[in-house]
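So the sequences go chain by chain: A, B and C.
Adding 5 to a residue's 1-based position in the first sequence gives its number in our numbering.
Adding 39 to a residue's 1-based position in the second sequence gives its number in our numbering.
Adding 28 to a residue's 1-based position in the third sequence gives its number in our numbering.
To be clear, the hints were calculated from the coordinates, so they are not data collected in a lab.
Computed from a predicted model, the values in this text were never measured in an experiment.
Treat the hints loosely; a few may be bogus.
[What the hints assert, rightly or not] Quick list of the computed label-pair ranges, beta carbon to beta carbon:
(1) C:A160 / B:L52: 26 to 36 Å
(2) C:L124 / B:I164: 31 to 41 Å
(3) B:Y201 / C:L163: 45 to 55 Å
(4) A:T68 / C:K155: 15 to 25 Å
(5) B:D162 / C:L124: 30 to 40 Å
(6) C:S328 / B:T205: 29 to 39 Å
(7) C:L38 / A:L124: 43 to 53 Å
(8) B:K199 / C:L163: 46 to 56 Å
Heads up, the beta-carbon is just placed ideally off N, CA and C, and yes, glycines get one too.
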Amino acid sequence: MRTVLSIENLKVVGYKGGRSCPIIEGITFNLEPGRTLAVVGESGCGKSITAAAILGLLPWGFTVSDGRIVLDGQNALSLPPREWRQLRGKRIGAVFQNPLAALNPSLPIWKQVIESAQLEEALTRKTARSRALQLLERVEVPHVASRLDDYPHQFSGGMRQRVAIALALARNPALLIADEPTTALDLITQAQILNMLKRLQEEQNLAILFITHDLSLVAEYADEVFVMYAGQEVERGSVSDLFASVAHPYTHALLRSIPRLTGSRYRLIDIEGVPPSPHSYTRGCRFASRCPRVIAACSATPPPRLGNDSHEAFCHHPHRVLAP
Amino acid sequence: MASGAAIFVILLLFSWAGPFLHTASPYAIHPHLLFQEPSWQHLLGTDDLGRGMLARMMYGGRPSLGVAMIGSVIATLLGLCYGMVAGLSPSLVDKSLMRILDAILALPTLVLMIFFAAIIPLDPISLILLLGLVSWPGLARIVRNEVLAYKGRDYILAAKQYGASTWYLARTHLLRSMFPIVIVNATFTVADLILTLAGLSFLGLGIQPPQPSWGGLLGNGSNLAITGSWWLILFPGIAIFLAIMSMNMIGQGLLNRLEGR
Amino acid sequence: MISRRLAVSLLSLVFLVTIVFFMIHATPGGPAYSILGMHASPQAVAALNRQMGLNQPLSVQYAIWWAHLFEGRLGYSYIQHIAVSRLLGTYTRRTLLLDLCALALAVLSALLVGMVQGYYADRALGKIIGFAQILFYALPVFFIGILLIYIFSIRLNWLPPGGIGHHGGMSQMRHLILPAVTLALPIGAGLSRYFGHQARQEYRLDYVRTARARGFSDLYVAYRHVLRNAVRPFITMVGMMIPALFVGGVLTESVFNYPGLGWLLWRSALDQDYPTLSAITLLIGILTIAGNLAADVLNSILDVRVRYE
Numbered sequence: 006m007r008t009v010l011s012i013e014n015l016k017v018v019g020y021k022g023g024r025s026c027p028i029i030e031g032i033t034f035n036l037e038p039g040r041t042l043a044v045v046g047e048s049g050c051g052k053s054i055t056a057a058a059i060l061g062l063l064p065w066g067f068t069v070s071d072g073r074i075v076l077d078g079q080n081a082l083s084l085p086p087r088e089w090r091q092l093r094g095k096r097i098g099a100v101f102q103n104p105l106a107a108l109n110p111s112l113p114i115w116k117q118v119i120e121s122a123q124l125e126e127a128l129t130r131k132t133a134r135s136r137a138l139q140l141l142e143r144v145e146v147p148h149v150a151s152r153l154d155d156y157p158h159q160f161s162g163g164m165r166q167r168v169a170i171a172l173a174l175a176r177n178p179a180l181l182i183a184d185e186p187t188t189a190l191d192l193i194t195q196a197q198i199l200n201m202l203k204r205l206q207e208e209q210n211l212a213i214l215f216i217t218h219d220l221s222l223v224a225e226y227a228d229e230v231f232v233m234y235a236g237q238e239v240e241r242g243s244v245s246d247l248f249a250s251v252a253h254p255y256t257h258a259l260l261r262s263i264p265r266l267t268g269s270r271y272r273l274i275d276i277e278g279v280p281p282s283p284h285s286y287t288r289g290c291r292f293a294s295r296c297p298r299v300i301a302a303c304s305a306t307p308p309p310r311l312g313n314d315s316h317e318a319f320c321h322h323p324h325r326v327l328a329p
Numbered sequence: 040m041a042s043g044a045a046i047f048v049i050l051l052l053f054s055w056a057g058p059f060l061h062t063a064s065p066y067a068i069h070p071h072l073l074f075q076e077p078s079w080q081h082l083l084g085t086d087d088l089g090r091g092m093l094a095r096m097m098y099g100g101r102p103s104l105g106v107a108m109i110g111s112v113i114a115t116l117l118g119l120c121y122g123m124v125a126g127l128s129p130s131l132v133d134k135s136l137m138r139i140l141d142a143i144l145a146l147p148t149l150v151l152m153i154f155f156a157a158i159i160p161l162d163p164i165s166l167i168l169l170l171g172l173v174s175w176p177g178l179a180r181i182v183r184n185e186v187l188a189y190k191g192r193d194y195i196l197a198a199k200q201y202g203a204s205t206w207y208l209a210r211t212h213l214l215r216s217m218f219p220i221v222i223v224n225a226t227f228t229v230a231d232l233i234l235t236l237a238g239l240s241f242l243g244l245g246i247q248p249p250q251p252s253w254g255g256l257l258g259n260g261s262n263l264a265i266t267g268s269w270w271l272i273l274f275p276g277i278a279i280f281l282a283i284m285s286m287n288m289i290g291q292g293l294l295n296r297l298e299g300r
Numbered sequence: 029m030i031s032r033r034l035a036v037s038l039l040s041l042v043f044l045v046t047i048v049f050f051m052i053h054a055t056p057g058g059p060a061y062s063i064l065g066m067h068a069s070p071q072a073v074a075a076l077n078r079q080m081g082l083n084q085p086l087s088v089q090y091a092i093w094w095a096h097l098f099e100g101r102l103g104y105s106y107i108q109h110i111a112v113s114r115l116l117g118t119y120t121r122r123t124l125l126l127d128l129c130a131l132a133l134a135v136l137s138a139l140l141v142g143m144v145q146g147y148y149a150d151r152a153l154g155k156i157i158g159f160a161q162i163l164f165y166a167l168p169v170f171f172i173g174i175l176l177i178y179i180f181s182i183r184l185n186w187l188p189p190g191g192i193g194h195h196g197g198m199s200q201m202r203h204l205i206l207p208a209v210t211l212a213l214p215i216g217a218g219l220s221r222y223f224g225h226q227a228r229q230e231y232r233l234d235y236v237r238t239a240r241a242r243g244f245s246d247l248y249v250a251y252r253h254v255l256r257n258a259v260r261p262f263i264t265m266v267g268m269m270i271p272a273l274f275v276g277g278v279l280t281e282s283v284f285n286y287p288g289l290g291w292l293l294w295r296s297a298l299d300q301d302y303p304t305l306s307a308i309t310l311l312i313g314i315l316t317i318a319g320n321l322a323a324d325v326l327n328s329i330l331d332v333r334v335r336y337e
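Construct the entire structure; sequences and hints are all you get.
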C-alpha cells in the first residue's frame, strides 16, 4: 500500500547563542492510510519536535539539517515554503495537547470551523453555517445546532478538543498528527475522544500519527509503536510484536510505570532522573545513566540494532533477544 | 542599569566639575565670534552672542539636573507623608484621601505648571517648590498601597499586640520595608522632572536667561534654527535626552532587581 | 464603577476651578491688576474691583467665579482685545484636529510596528524595534519637533516649519504633517511597546499554532487571529494615552507655532494675559478630565461585554 507519510533519517538541530546541537536524529518511519503509529516517550525526548518538523512549523531556532519528509510521494523539505504551507490543513491536520488554548477565544466556533473552507470559496452565511454544523456533528458535539454561536470558553475541555479535531479534519486530510490530544483530559473524556478518532479513521481511511507518553493507550488505539528517547529511536514494532516481547529497558520502564491521570508533564516513576539535555548527548546509549540493566559497553559505543523490520530495538543488553 | 548610572555620573561631572577644566565664562559676550561652528577653539560652537556653548552647557546642567533632583526629594517626602497618613488612617479617611488623590491625578500637570509659571516668580527655588508640589501624587498612592499590604503582615500584628504605637510602627518597620520602592519611584520622578523643567525652560517659562539651562539653550537654538546653527539644537537636546534616558535606565534596573528578575 | 469615576472626575473639576481661582487671586495686586495690566491707575483698579465684586469677601467672590463659569463669562483678553470665550472655538478646533491626526498616526503605526515586533520577537528585528521604542520614548517632543523642523524645513525645504497655512486643502495638510508626526512619535513609541508585548504574548498561544497548522498564511493569521485578540487590551492603553496627548500637544503647538489651545496657553503665559490663561487652563483641564473619563467608561463597557461573552 502507498504510504501517506514517510520519514527518512530525519535530523533536527537547535541553535542557541551561536552553537548548534542535535535535538532529534536518525528518525525513520512510515505511515500507511488507515493506520495509527504511536510515537511514545517522556517529555523532552523529541516527540513534539518531530511533529513540528513534519508540519513545517519548527519554532524559531530549530532547523531540519538532514533527512527527508515524504508526503504524498514528494519531499516536503524541497518544496517552497508556500507549497508546504498549502499541504497543511489540506493533506495534514494537527491537534495539540492543550485544548483550552487551541481555539481563538474571540471568534464563535462556527466561524473558526468554516474558516478554511471560506478561504477557498465564497460561501453564503447559510451554507457556511450548515457546513459548520456538519463538521461539528462529525466530531459528536452534542446540541451543536444551538451552540454554533458560542465562544470557545463556553465549552468544556473535551468539547474544545472535539472542535479542534473538527478544525483539523475540515478539509479531509489524509494524515492527522495528534500530539498528546487527550493528556489534559479526564479518563472518560479521553476514551470518548480516542474512540471517536478511531471511528473517523475507519470512515475516512485516515492515517494518524499519535504522539503520547502513555503506553497503556497505545495497545488499544495504535497499530505500530515508535519509542523515542533523547531524540533517538530506541524501539519500534507492530503493537502485537512489541508488546509480546518488549526488548528495550526503557520501553519496559514505560510499561511498568503508571501514568498520572492528568497533567502535561510526566515522569517515569520507576526510574530516577530525567532525560539528558541535548547539550550532553554522548556517543554511547543515551539511556545508560538511568538504565537498570546498564553494562560497560553501554556508555562506550552506540547500541546495535537488533531484530527485524517488524520489531527492532537499539540496545546492548536487552530484556529479550530479538530474532534478526 | 550600570550604563545608565555611568551616563548620569558623567553628566553630573560635566556640569559641576567641568567648569574647573574649561574656565570660560558662560556669560561673556564676544561680538566677533557669533555663530561659530564647533571647532578646536570652540568645541561645541558659539551662540548668537558669541558665548561658548561648552561653558553654557556645563553651567546649564546645574539647574537642569539640580532643580529636578531636589524637586524629586520634595515630591518623595510629600508623597511618603500623604501615603502613610492615608494608609494608617481609619478606612473612611483613607477612602476619602484616595478619592482626592484620584482627582488630583486626573489634572494635567504640565498645563497647571505653565499656568503657575506665569504667576510665580521664576527663580530656581520657586521652580523646585513648584515641581515638588505638583509631582507627589503618584508616589502617595504606591506608599498607601504598600502600607495596606504591610499592615496585615504577621510581624506588624505581633508588634501591635505588644502595644507598639502606630507612629512607632511607621517609623521602624514600614519606612524600612518601603525604602526600595520609594527609591525606584524617586528615580523615575527625577527623569520626569528633568523633562518637565526642560519643557518649561524651552517655552521660556522655566529657568530664565541669561542663566543657561539645557531646556532654555534648546529653546534659544530653536529660535535660531533658521540660521542653520545645528549645534545650538543638537547638544542641549542630546544632553536632555541622555539625562532622561539614564535616569529611566537606573529606575528600570532598580525595579528589575527589586522584583528579583 | 461608572458613577464612582464620574464623582472623581467632578471632584477633579472642582479642584481645577478652585486652584485657578486662588492662583489668580494670588497674583501680585490681585485680579484687577492682572486684567488691567501692571500700570493701571488706582482709580481704575478700584472701579474694576467694585464692578467685578472684588471688594467682597473671598467666599462671595468664589461663588461669583463659579457663576461666571456657568454663564461662560471667561473674561476679556486685554492683549488680544477680544472676549476670551470668543477666542476659544477656533483654537479648540485646531487643537482637536492636530491631536486626532497625531493619535490616528500613533495608533496605526503602533499596531503595525507591534505586530511586526510580536512576530519577530525572538529575532534581531524584534530587538532592534524594542531598542528604537525606548529611544523614541525618552526623546522629548520639543527636541523631536525642532529636529524635524531643522531637517525637513530648513535643510531640505520640503515642509513648512510652522504656522497653519490657508484654511482647508493642501496647504493646511502640509502644515499639519510635521507637528502630527512629532506628537505621534513618543506616543506611538509608548503604544507600540505595549502592543508589541501584547502581540508577542498572543503569538505564543496555542491557537496561533492551530491556525498555522491549518495552512493559513502568516499574514492571515496575523490580522485575523492575533491582531483581533491583542487589540482588546490595547484599546484601554490608547485611552490612557489621551492625557499624554494633550500635554504633548501643548509643547508641539508651541514648537511649531501652531495656533491651537496649547499655543495660546503658552503665549498667554508669556504675556501674562491672565483671563486667557485661566480660561485655557480650565478648558484643557476639562478636556483632559473628560478624556480620562471617556477612556474609563469605554473600558468598563468593553469589559462588561467581554465578561458577558
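Going down the list of hints, with the structure as the test:
1. C:A160 / B:L52: 26 to 36 Å: holds (29 Å)
2. C:L124 / B:I164: 31 to 41 Å: Given about 38 Å between the Cβ atoms, the range holds.
3. B:Y201 / C:L163: 45 to 55 Å: Holds - the Cβ-Cβ distance for Y201 (chain B) and L163 (chain C), about 53 Å, lies within 45 to 55 Å.
4. A:T68 / C:K155: 15 to 25 Å: holds (20 Å)
5. B:D162 / C:L124: 30 to 40 Å: holds (36 Å)
6. C:S328 / B:T205: 29 to 39 Å: holds (36 Å)
7. C:L38 / A:L124: 43 to 53 Å: holds (52 Å)
8. B:K199 / C:L163: 46 to 56 Å: holds (49 Å)
Figure legend: structure checked against the earlier numbered hints; every hint is met.
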